[in-house]
Amino acid sequence: MMVKSKNLTIMLNLLALATAAMFFFPTFWIIMSTLKSSSELFSFPLTLFPKKIVLTNFMNVLKNDNFMLYFKNSAFISVTATIITVGINCLAGFAFAKYRFKGRDIIFMALLSATMLPTEAIMNSSFSVIQKLGLYNSLWGAILPTVATPTGVFIMRQFFMEVPDSLLEAARIDGASEFEIFRKIMFPLAKPVVAALTVFSFMWRWNDFIWPLISLSDPKKFTIPLIIANYAGELSIDWSSLLAASVISMIPVLGVFLLFQNYFIKGIAGTGSKE
Amino acid sequence: MEKTINNDEINQEVLYERQESIGNRKKSSMDVKKIKKEIIPYLFILPNLVAFAIFFMVPAILSMYFSLTNYDGLFEIDFVGLKNYQRIMGNKQFWVILGQTFKYVFTLVPILYCVSLGLALIVIQNIKFKGLIRGMFYWPVMISSIVVGVIWKWIFGDALGIVNYILESVGSSGIPWLTTDSFAFIAVIIATIWSRAGFFMVIFIGGLNSINESYYEAAKIDGASPWKRFTKVTLPLIKPTSVLVIMLSCIEAFKVYPLVLSLTGGGPGRATTYLVQFIYQTGFVKTEVGYASAMSIVLFVVVLVFSSIQFKLGKGGEI
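Sequence order for the protein chains is C and D. Note that my numbering has the first sequence beginning at 1, numbered continuously upward. Note that my numbering has the second sequence beginning at 276, numbered continuously upward.
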C-alpha cells in the first residue's frame with residue numbers, strides 16, 4: 001500500500017525518522033552513559049552527551065583479566081559451534097535435497113519437529129546428558145548441544161533443492177566421487193546461504209544464555225552473557241562496569257550486522273533468526 | 276596391409292577378452308558401488324543426526340521419564356507415577372506463575388503485532404534513508420536478551436533512570452518502575468517489544484510486498500479511503516503472515532527468561548517470574564529434577580498447541 005500524496009509523504013518521512021530515533025535511543029543512551037566518567041554518570045542533571053568523553057569504563061573492563069577470559073570463552077564457543085554447525089547442517093541439507101534414501105522424509109520431519117521442542121523445556125534432562133558425557137563444565141558442553149540446528153538443515157536443504165540435478169550427473173560422469181561433488185561443486189555454489197547461516201549461527205551462540213548457563217559452573221569458563229547476568233543480579237550494581245561490558249559485548253554483533261545487513265533485513269531473515 | 280589386418284584381428288580378440296573380464300569385474304564392482312551409493316547419503320546426514328539424537332531426542336525422552344520420577348539430580352531416582360503432575364495440580368504457586376505467563380503472552384502479542392506491522396508499513400513506503408531506518412528497527416533484535424534487560428534496567432532506574440528524570444523534569448513524579456508489580460510488568464513488555472519488533476517487521480515486509488499493487492488500484496477506483504484499503508485489502512491478504520507472526524510470537528513469549536532475569540530478576544517478589552524461570556529454579560536451584568521435568572512437559576504441551584495451530588493454519592497460504 002503506497003502512499004502518494006506529497007504532504008503525506010513528508011509526514012511519513014518525519015514519522016519514520018521519529019520512530020527510528022525512538023528505537024535507536026536505548027542503544028545510544030547506554031553508549032553515551034559508558035563514555036561518562038563514573039562521577040558524571042551519577043550526577044544530575046542528566047545530559048544526553050557526556051560533558052567529557054572518557055574511556056576509563058572500557059579500560060577498567062578490558063584491563064580486568066577475567067573479562068578477557070570471558071570474551072575468549074564466548075569467542076571460542078561461538079566460532080567453534082558455528083564451524084561445526086555450518087559443516088554438518090550443510091552436509092545434511094545436501095543429502096536431504098539430492099538423494100533418495102530409505103527413511104529420508106521421516107528423519108527430516110523428526111529433525112524439523114525439534115523446532116517445536118523448546119530448549120527450555122528439556123534443560124533438566126539436557127543437563128543430565130551433558131553430565132553423563134563428561135561435558136559438564138567444559139566449553140564443549142555449551143558447543144555440542146547447539147550444533148544440530150534444525151533451521152540450518154532446513155535452509156541448506158531449501159537451497160540445494162534449487163540446484164539442478166544435471167550438475168551432479170555431469171560431475172558423476174566426469175568421475176567425481178560424491179564427497180568431491182559436495183566439496184568442489186555444491187559447497188562453493190551454496191556460498192551465499194552458507195554465509196547467511198554462518199552469520200546467524202555466530203549470533204545465536206554469541207548471545208546464547210541457556211546452554212552456557214546449564215553447562216558451565218566454573219566462573220573461569222563463563223561467557224559474556226553469563227557474567228553480565230551475574231553483574232546485573234547483584235544487589236549493588238557496578239553500573240559503569242556493567243554498561244561498559246554490555247557495550248563491548250555488542251561490538252562483534254554490530255560488526256556482523258554492518259557487514260551482512262542485507263541478510264537480516266531481506267529474504268531469509270524470516271526463517272533465519274529463529275533457531 | 277596384411278600386417279595391419281592381422282594386427283587388427285589380434286587387437287579385436289584382445290579387446291573381446293578384455294571386455295569380458297571388464298564385464299565380470301563390473302558386476303562385482305557394481306555391487307560395491309551400489310552399496311556405497313546407498314550408504315553415502317546416510318554418511319552425509321550422520322554427524323547432524325548423531326548430535327540431534329544425543330542432544331534433542333535423548334533429553335526429550337529423558338524429560339518424560341524424569342517427570343514420572345522423584346529424581347533429585349544426584350542419587351535418588353524412583354518411579355512415582357503421576358505424582359509430580361498431581362503435585363503441580365495442587366501447587367498454587369505454579370498456577371500463579373502460569374497465570375502470569377499467560378498474562379504476559381496475551382498482553383505482549385497483540386501489542387507486538389501492531390508495532391511490528393506498523394514498522395513494516397512505514398518502511399515499505401518510499402521514504403528517505405530507508406535502509407538505515409530498517410537497520411535501526413532491526414538492530415535491537417541482534418542484541419542478546421541479557422543485554423536488552425540491562426539496557427532497560429538502566430533506563431528504568433528509580434533514581435538514575437532517564438525515564439524518571441524526564442518525568443520529573445516535566446513536573447510529574449518518578450515511577451518506581453522495577454519495584455512495583457504493575458510497572459515492572461510494563462517495563463518487561465516494553466523491553467520485549469523493543470527487542471523483537473524488528474524481527475517480526477521483516478516477516479511482515481515479506482507479506483506486504485507480496486500483495487499485488489493492482490488490488491489497491493482497484494480499491495482506490497472504488498473510492499475506498501486509506502483506512503478502508505488497509506482493513507479490507509491489506510489485512511485480509513496478509514492473513515497467513517499474521518498467523519505466522521502471532522504464533523511465533525506466542526511461542527517465543529512462553530519461553531521468555533533471560534531478558535526478565537537481567538531486567539527485573541523475576542521480581543519484585545515473584546511478580547515477573549515466568550514459567551521457564553520457575554522451572555529453572557525448581558530443577559537447578561532446588562534440584563527437584565523430577566518435579567521440574569513435569570513442569571517442562573506442561574510448557575512443552577502449551578508450545579506444541581501453538582505450534583500445531585500455526586502449522587495447520589500456515590498450510591492454508593504461502594508465507
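I should point out that these hints are in silico values taken from the structure, not numbers from a laboratory. Among the hints, erroneous ones may be present.
Stated by the list, open to error - DSSO-like cross-link-like pairs, simulated, lysine-lysine; straight-line CA separation at most 30 Å:
#, chain 1, residue 1, chain 2, residue 2
1, C, Lys98, D, Lys530
2, D, Lys311, C, Lys184
3, D, Lys503, C, Lys6
4, C, Lys102, D, Lys530
5, D, Lys495, C, Lys98
6, D, Lys561, D, Lys378
7, D, Lys561, C, Lys221
8, D, Lys358, C, Lys132
9, D, Lys507, C, Lys6
10, D, Lys312, C, Lys98
11, D, Lys530, C, Lys72
Keep in mind the model is a prediction, meaning the values are calculated, not measured.
Right, here's what the structure says about each hint:
no.	hint	result
1	C:Lys98 to D:Lys530	35 Å, violated
2	D:Lys311 to C:Lys184	20 Å, holds
3	D:Lys503 to C:Lys6	20 Å, holds
4	C:Lys102 to D:Lys530	36 Å, violated
5	D:Lys495 to C:Lys98	47 Å, violated
6	D:Lys561 to D:Lys378	26 Å, holds
7	D:Lys561 to C:Lys221	23 Å, holds
8	D:Lys358 to C:Lys132	26 Å, holds
9	D:Lys507 to C:Lys6	24 Å, holds
10	D:Lys312 to C:Lys98	12 Å, holds
11	D:Lys530 to C:Lys72	28 Å, holds
Taken one by one, the earlier hints fail for this structure at numbers 1, 4, 5, listed in ascending order.
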